[in-house]
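Engineer: Spelled out, the chains give:
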Amino acid sequence: MDEISKVVRDYVVREYLEEGDDREVNETTPLISGGIVDSFSMVSLKRFLEKKYNIQIPDADATPDAFDSVQRIVALVHRFQKPVTVAV
Amino acid sequence: MSNPTLYEEVTAKSYEELTANFDWSIAERELGYKPGDPINIGWMCSDRICRLGMADKVALYWENFQGNHQRFTFDDVRVLSNTVAQFICDLGIQPGERVCLFMDRVPELYIGFLGVLKTGAVAQPLFSAFGDESLLVRLQNANTSAIITQKKHVPKVRKIREQLPNLRHIIIVDANETPLQQREVKFHMEAAPRVEDFAVYPTTAESPSVLHYTSGTTGQPKGALHVHDSIVSQYLTTKWALDLQPDDIYWCNADPGWVTGTSYGIIGPWSNGATQVVLDSGFNAERWYEFIERRRVTVWYSAPTAIRLLMKEGTEIVKRHDLSSLRHLASVGEPLNAEAVIWSQEAFGKPFHDTFWQTETGSIVITNFPGMPIKPGSMGKPFPGITATVLNTKTYEPITQLGLAGLIALRPGWPSQVRGYWNNEAGFKAKFKNGWYLCGDRASIDADGYYWFMGRDDDVINTGGHLVGPFEIESALLEHPAVFESAAVAKPDRVNMEVVKAFVTLKRGYEPTADLELEIMNHIRKRLSPLAMPQQIEFVDSLPKTRSGKIVRRILRCKEFNEPVGDLSTIMDD
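Those sequence lines, one after another, are chains C and Z.
So that you can map any letter, position 87 of the first sequence is 87 in the numbering used here, and since no number is skipped, the others follow by simple counting.
Basically the numbering used here = 1-based index in the second sequence + 88.
Derived by calculation from the structure, the hints in this document are not laboratory data.
What you are looking at is a predicted structure, and each value in this text was computed from that prediction instead of being measured.
Be careful, since some hints might not be right.
Claimed, not checked - Across the chosen pairs, the derived CB separations fall in these ranges:
1. Z:434 to C:6: 26 to 36 Å
2. Z:513 to C:53: 23 to 33 Å
3. C:26 to Z:600: 16 to 26 Å
4. C:53 to Z:572: 26 to 36 Å
5. Z:158 to C:17: 48 to 58 Å
6. Z:523 to C:20: 17 to 27 Å
7. Z:600 to C:27: 46 to 56 Å
8. C:27 to Z:501: 29 to 39 Å
9. Z:123 to C:19: 48 to 58 Å
10. C:19 to Z:159: 32 to 42 Å
Where a beta carbon is used, it is the ideal one built from N, C-alpha and C, also for glycine.
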């Protein structure tokens, strides 16, 4: 699990699972279709990602499908992260 | 209970034919109910259907996102609701006491609802995503005696139970080995001894049945109290407006924590002896289409927010599935925009029929009737037996000029009309003017008698088909240590029609940062619900106020909608 995966997973567990809810969340656990994060709460998750990784995710790309697992969220973050330029 | 009559075959009749000489006794006769006799929704939706020869017919196909599934016949529903009822009675719950159902869309919710009603107790369904504050307010107001819930929701109940001395029983349907704490009791519906015969409490037409909470502009949410007579409206509107026929497979997306999920997710289909399917899962277009295809759904009752989410996914995904079983599509919760109706025609080969009603009406009151020409974007026409109009906002007299907007009003007297707000007589009385019930929405009527929705007439926010009261949000915002003052208003949204936006002034020592915004958003989501969470927080130096210091939400709302604020002189002098 890479660093972003870990951060996203930990955030989901901390913020969206009820206290005492012992469901396991891994990289492929369905978040939206599995009822862990609903479409309204998705906005706060999007806001977290934008803040944490200094990115802007357009609303058109913030679909339930794109947020349906940690794996997909990580792909979304990578997509909108600016490429690192290396001075040569 | 009176003996049921034979199930009357549905006949296709036009709106005009059905409206002419309409009388609610049509439904009473079909339900085998004689006014004055006992009538109990729990019995009507289970025992009565079995006596009509449909004991072995499937009442419910249930599955969740993990693929677990269960099947219940009407006889299963009858016996298991008896089992729930017996358990509740054995705990000492008396008729009239409130029993809250606080569960995800699991079979225990649907069947338990009927079980509660069979005891004569009042069913109080609450949305399982509610946070502890939303739950507390509603349980306190209703003075609830028992709550039926799942272990995953127990921590929320434990957090507030000390403030609920009258909540005697916390019934957990999936406790397994979970250690129990004070007032908690395990109940496994299917493992419990099956109760073949239960003496259903002889409720009458005006006996309280269901208590649903709904939000208003001022004060905390109001408990809309319904009675067992509501089934008369719910039965007939399901049959006529949703066109539910004996062989249909019916899917209602709504959660029974809200009124659509009980009126049309339990009472309507089961009083008609229809098979319904339930998918306890969040939104996923692929999964939804696969579910419709596999279950051969014929009648689908959905919501504009869901339809717009499906629109976002496009029509290619639709083409990958055989959805030819779909025969009738309907929508509820907020106005269905014309684009969604047109898209549905393109995607499914048939339009979604918009229906209009609310918690207080208990059943559909304005609808695009099956067979009636649809004008995309219109709410349709009044259901037979419903006298509707639009009223002048100042005189409360009916507007006779076509196309002029006014307040949607209904002449009281249909069976499923709310009978009162729990412990709030003044709030209930305020809903009536000149002998009309005011829905709180504005519309106009065209030359053909079609209603066109214009918007709310108050500050209530309609988000994703659910009403959210600004007062409740503002109260919870003030609990956050950084918030000095706040105002919650609606903001237009492409998918949810409206979302919550909060304007916040901060206490000294706090800076408006992105971290703080997210922290406040999450605070509201956990305390109230995801629906109530502001999707945007704007930090401001001050809020617009009247001379007496009351916050004027209207100014903020108008700015969000790019609408003129209008004359504020009387408001500012308040």
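Engineer: Taking the earlier hints as the rules, which of them does this structure contradict?
Structural biologist: 1, 2, 3, 5, 6, 7 and 8
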